[in-house]
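Undergrad: Here is how the chains run, residue by residue.
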Amino acid sequence: MKIIVFVKQVPDSAAKVTAENGQAAWGEAPMVINPWDEYAVEAALQQKEAHGGTVTAISIGSENAKEALKHALAMGADDAILVSDPALKNLDTQAIARLLAAIVQKVGGVDMAFFGRQAIDGDSGLTPTQTARILGWPALTLAASIKVEGSTVTVERSFEEGRQIVSANLPAVFSLVKDFGEPRYPSFMGIRKASRAEIPTWTLADLGIAAPTPVVSWPTLINPPSREVKCEFITGASAQEIAEKLADKLIAEKVL
Amino acid sequence: MDFSLSQEHQMVQKMVRDFAQKEIAPVIKEHDRKQEPIPWAIKRMGELGILGICFPVRYGGQGMDYISLGLACEELEAVDTTLRVVMSVHTGLCGMTLLQWGTEEQKQKFLVPIARGEKIGAGAFTEPGMGSDVAAMQTTARREGDVYILNGEKMWISLASKADYALVTVKTDPQAARPSQALTSFIVDLHSPGVKTGDLHGKLGVRAGSTGWISFTDVRVPVENRIGEEGEGFKITMSAFDNGRYTVGAGATGLIRASLEASIRYAQERKTFGKPIAEYQLIQQKIARMAQNYEIARLLYLQVGWMKNQGLRSTLQTSYSKKFATEASFEAAHDAIQIHGAYGFSDEYDVERYLRNARGAIIYEGSSEIQTIIQAGYALGQRSDRPLRCELPAYDPDTWQE
Ligand SMILES: Cc1cc2nc3c(=O)[nH]c(=O)nc-3n(C[C@H](O)[C@H](O)[C@H](O)COP(=O)(O)OP(=O)(O)OC[C@H]3O[C@@H](n4cnc5c(N)ncnc54)[C@H](O)[C@@H]3O)c2cc1C
Ligand SMILES: Cc1cc2nc3c(=O)[nH]c(=O)nc-3n(C[C@H](O)[C@H](O)[C@H](O)COP(=O)(O)OP(=O)(O)OC[C@H]3O[C@@H](n4cnc5c(N)ncnc54)[C@H](O)[C@@H]3O)c2cc1C
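Chains as they are written, first to last, in my numbering: chain A, 1 to 256; chain B, 1001 to 1402.
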């Protein structure tokens, strides 16, 4: 089983992201592996443990995206590739998907391409389906469990309305939810391997494609208008009295 | 000179931090209140390799360096002291002494399962009648053919009731010319006939940890379990302390950090007289002191870790680290409580636990008074390091992986 898992370096979820001069800014907050991608790495490693094969972690980004890749290596991925090129700027999900599809082709022989369900910075969750579309592979999104038999894969999808069982032929693209369990900690052996790993960098020339053209651009980012919040405590002698006062207020404010 | 942590070190730090924060932090308060250890904590630390972090792979360890050991201790004690105590006695006192003084057979037989966390180790020196004055111990061993017969009692022993093995130092030669030549060390299987163990209750701190007693009644310990030669027990015990104290100094650094972080959070939220208390200089002074002491404590233990990696003796530097960090951690917790006002006095917040946990380390692994005596001895030229028959091996990134 040849598995690719795509990982992205994003601002820490504890970071306060604001718009500054039309750009996203998160101050001194550290960059971390996208938490959803950590679940994807976990799921990929579980598939490898069940069926054998290899797990390759891949990221598009600048040099510091190697941190996310090293985290995946420390968790147990076999190898990692960084895709970086000065021509790659302001890409939308469609352009990223074109790039990812080219990467999958270049790696060759891939059975499964894993994604986290979304990246916590852009939060679009579109890339997996778009990549599948370009590859012409089935998109098995929001996968909560994966069962492989021969070249057939059965996936239980988990979404707000319920669960759905779908099956498809490999190769396929997957986006994953948390049901595979908490991502494992890196092992010390993994940490040693990761810290010593030389991660190869592929450029557009290596992929043999030109920089994909974005169709959506973000001319500027603005902060949401700040809202005045007032806090009022409703007191009363009994629960009944408090509830009545609250109900009157809600009606007066036309909330109810 | 290079003060930066390697990427490997940073990843170790993050891994141990994630474990302690995710798995221990949510449940520690409840166990501390009940005065009961978290039953799965030691096993989990073993599974994750933390217990064997700094031992060569061929001895069952994870092949990391001594700095990684210190970093792990800092992260563990930033959540709870009891986790770091496990590192001090299992990894420091017991495992590292085997690495330093054990024969190849002893390393294979005892260090491998200890490094893997399959067996738990302790270090037993203190007795009901002595602690600081190691040479005054009363537990005895007398040789009969291929075994030694041990009799006596050890007290205040961390993990006494949890450990499988203990490094035990006893008196073998009451007639020795110098008291320090009277002692011999053994690795004792605590499941042997004649060994009894129990826990002590009512401790001020480390309440989620196990501290107890071990009694020996005609316990037969094979000669193969003797560590070093007869009469080398004092030196071996002092080497054990060099390693144990390092983990205590590194851990106390984490406790300073925990008090500092809690204080910053609280001081920015709590308002008096219309302003967050973080804006008052008297509060800032306390926070600045914690921040400064954290930095000093950190540099002191990292220096020791570096010296250990180089294979240099660090008895004096370890003493500086241990004494400074443990005293500063108590002071930091005390200030943190003050910043928290009445809430700091309650176990709703963590800082009162930090204070109780910080207190013991000023006594154990060589009290502050004993550290002062050591430091003065070096300063006045009354004390110097003589080469040991067995030194702690320097860290070698290549052979450590074999
Ligand atoms: C939580 C906890 C865990 C422990 N774990 C272990 C363990 O795992 N293994 C183990 O062997 N022991 C352990 N101990 C015991 C610890 O090492 C001893 O308490 C310590 O060595 C001090 O010995 P003592 O309590 O007998 O005090 P004493 O030696 O009786 O000293 C009493 C006081 O006198 C001071 N003092 C002693 N001599 C001098 C001097 N010459 N000059 C000035 N002051 C002096 C001491 O500093 C101390 O303040 C533990 C203790 C605690 C509290
Ligand atoms: C065991 C116990 C019993 C108590 N019993 C009573 C009682 O019987 N009746 C009662 O009314 N209260 C009682 N209290 C409450 C006690 O009086 C308050 O805790 C105390 O007044 C401090 O208030 P606080 O805890 O809200 O801290 P805060 O006022 O929030 O102060 C937090 C910290 O900031 C410091 N600080 C505040 N303002 C400044 C400033 N301008 N500059 C510098 N530092 C500042 C404080 O000194 C403190 O260190 C009791 C408290 C305890 C712990």
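Derived by calculation from the structure, the hints in this document are not laboratory data.
Please note that the accuracy of each hint is not assured.
So the derived label-pair ranges between C-beta atoms look like this [to be verified]:
no.: 1; chain 1: B; residue 1: Q1138; chain 2: A; residue 2: M189; range: 41 to 51 Å
no.: 2; chain 1: A; residue 1: I234; chain 2: B; residue 2: S1004; range: 25 to 35 Å
no.: 3; chain 1: B; residue 1: R1143; chain 2: A; residue 2: A197; range: 32 to 42 Å
no.: 4; chain 1: B; residue 1: I1149; chain 2: A; residue 2: M189; range: 21 to 31 Å
Quick list of in silico lysine to any residue cross-link-like pairs, SDA-like style, CA-CA up to 25 Å [unchecked claim]:
no.: 5; chain 1: B; residue 1: K1014; chain 2: A; residue 2: D121
no.: 6; chain 1: A; residue 1: K193; chain 2: B; residue 2: F1273
no.: 7; chain 1: B; residue 1: K1275; chain 2: A; residue 2: V229
no.: 8; chain 1: B; residue 1: K1271; chain 2: A; residue 2: S187
no.: 9; chain 1: B; residue 1: K1022; chain 2: A; residue 2: V229
no.: 10; chain 1: A; residue 1: K178; chain 2: B; residue 2: R1044
no.: 11; chain 1: A; residue 1: K16; chain 2: B; residue 2: Q1010
no.: 12; chain 1: A; residue 1: K178; chain 2: B; residue 2: K1275
no.: 13; chain 1: B; residue 1: K1119; chain 2: B; residue 2: P1174
no.: 14; chain 1: B; residue 1: K1022; chain 2: A; residue 2: S187
no.: 15; chain 1: B; residue 1: K1022; chain 2: A; residue 2: I222
no.: 16; chain 1: B; residue 1: K1022; chain 2: A; residue 2: A15
no.: 17; chain 1: A; residue 1: K230; chain 2: B; residue 2: F1273
no.: 18; chain 1: B; residue 1: K1014; chain 2: A; residue 2: I222
no.: 19; chain 1: A; residue 1: K178; chain 2: B; residue 2: D1018
no.: 20; chain 1: B; residue 1: K1022; chain 2: A; residue 2: E63
no.: 21; chain 1: B; residue 1: K1014; chain 2: A; residue 2: N64
no.: 22; chain 1: A; residue 1: K16; chain 2: A; residue 2: I222
no.: 23; chain 1: A; residue 1: K193; chain 2: B; residue 2: L1302
no.: 24; chain 1: A; residue 1: K16; chain 2: B; residue 2: E1279
no.: 25; chain 1: A; residue 1: K16; chain 2: A; residue 2: S124
no.: 26; chain 1: B; residue 1: K1014; chain 2: A; residue 2: R227
Computed, partial: chain B to chain A, Cβ under 10 Å [as the list claims (entries may be wrong)]:
no.: 27; residue: M1011
no.: 28; residue: G1049
no.: 29; residue: I1053
no.: 30; residue: S1068
no.: 31; residue: L1316
Virtual Cβ for every residue (Gly too), placed ideally from N, Cα, C.
Undergrad: Next, verify each hint and record whether it holds.
TA: Against the structure, the hints:
1. Roughly 45 Å separates the CB atoms of Q1138(B) and M189(A), a value that falls within the hinted 41 to 51 Å.
2. Look at I234(A) against S1004(B): about 55 Å separates their beta carbons, and that is not inside 25 to 35 Å.
3. A C-beta distance of roughly 53 Å is found between R1143(B) and A197(A), which places it outside the suggested range of 32 to 42 Å.
4. For the pair I1149(B) and M189(A), the beta carbons lie near 43 Å from each other, so the given range of 21 to 31 Å is not met.
5. For the proposed pair K1014(B) and D121(A), the alpha carbon gap of about 22 Å is at most 25 Å, so the pair holds.
6. The straight-line distance between the Cα atoms of K193(A) and F1273(B) is roughly 55 Å, outside the 25 Å bound, and the hint therefore fails.
7. Simply put, K1275(B) and V229(A) have alpha-carbon atoms about 19 Å apart, close enough for the 25 Å limit, and the pair holds.
8. At most 25 Å may separate the alpha-carbon atoms for a hinted pair to count; K1271(B) and S187(A) exceed this at roughly 44 Å.
9. The hinted pair formed by K1022(B) and V229(A) fails the criterion: a straight-line CA distance of about 33 Å is larger than 25 Å.
10. With a CA separation close to 22 Å, the supplied pair K178(A) and R1044(B) stays within the 25 Å bound.
11. Taken as a hint, the K16(A) and Q1010(B) pair is honoured in the structure, with Cα atoms around 23 Å apart against an allowance of 25 Å.
12. The straight-line distance between the Cα atoms of K178(A) and K1275(B) is roughly 42 Å, outside the 25 Å bound, and the hint therefore fails.
13. As the CA atoms of K1119(B) and P1174(B) are separated by approximately 33 Å, the hinted pair breaks the 25 Å bound.
14. Of the pairs offered as hints, the one joining K1022(B) and S187(A) holds, with about 16 Å between alpha carbons and a cut-off of 25 Å not exceeded.
15. Distance restraint check for K1022(B) and I222(A): the Cα-Cα separation of roughly 35 Å exceeds the 25 Å cut-off, and the hinted pair is therefore not satisfied.
16. For the hint pairing K1022(B) with A15(A), the CA-to-CA distance comes to about 19 Å; that is within 25 Å, so the pair holds.
17. Note on K230(A) and F1273(B): the hinted pairing holds, with a Cα-Cα distance of about 21 Å set against a maximum of 25 Å.
18. The straight-line distance between the Cα atoms of K1014(B) and I222(A) is roughly 34 Å, outside the 25 Å bound, and the hint therefore fails.
19. Taking the CA atoms of K178(A) and D1018(B), the gap is about 18 Å. The hint holds against a cut of 25 Å.
20. Between K1022(B) and E63(A), the direct Cα distance comes to roughly 29 Å. Violation of the 25 Å bound is thereby established for this hinted pair.
21. Pair hint K1014(B) plus N64(A) holds up; C-alpha atoms about 17 Å apart against a cutoff of 25 Å.
22. Simply put, K16(A) and I222(A) have alpha-carbon atoms about 14 Å apart, close enough for the 25 Å limit, and the pair holds.
23. This hinted pair checks out: K193(A) and L1302(B) have alpha carbons roughly 23 Å apart, not beyond 25 Å.
24. The hinted pair formed by K16(A) and E1279(B) meets the criterion: a straight-line CA distance of about 22 Å does not exceed 25 Å.
25. This hinted pair checks out: K16(A) and S124(A) have alpha carbons roughly 19 Å apart, not beyond 25 Å.
26. For a cut-off of 25 Å, the pair hint linking K1014(B) to R227(A) is broken: about 37 Å separates their Cα positions.
27. For M1011(B), the interface hint holds, the least distance from its beta-carbon to any beta-carbon of chain A being 4 Å, beneath 10 Å.
28. With 10 Å as the threshold, the beta carbon of G1049(B) comes within range of chain A, its nearest partner Cβ sitting at about 5 Å, so the hint holds.
29. Of the supplied interface hints, the one on I1053(B) holds, with its beta-carbon coming within about 7 Å of a beta-carbon of chain A, less than 10 Å.
30. The interface hint given for S1068(B) holds, since its Cβ lies 8 Å from the closest Cβ of chain A, which is under the 10 Å cut-off.
31. For L1316(B), the interface hint is violated, since its Cβ never comes within 10 Å of a Cβ in chain A; the closest pair sits about 30 Å apart.
Consistency with the previously given hints fails for numbers 2, 3, 4, 6, 8, 9, 12, 13, 15, 18, 20, 26, 31, ordered from lowest to highest.
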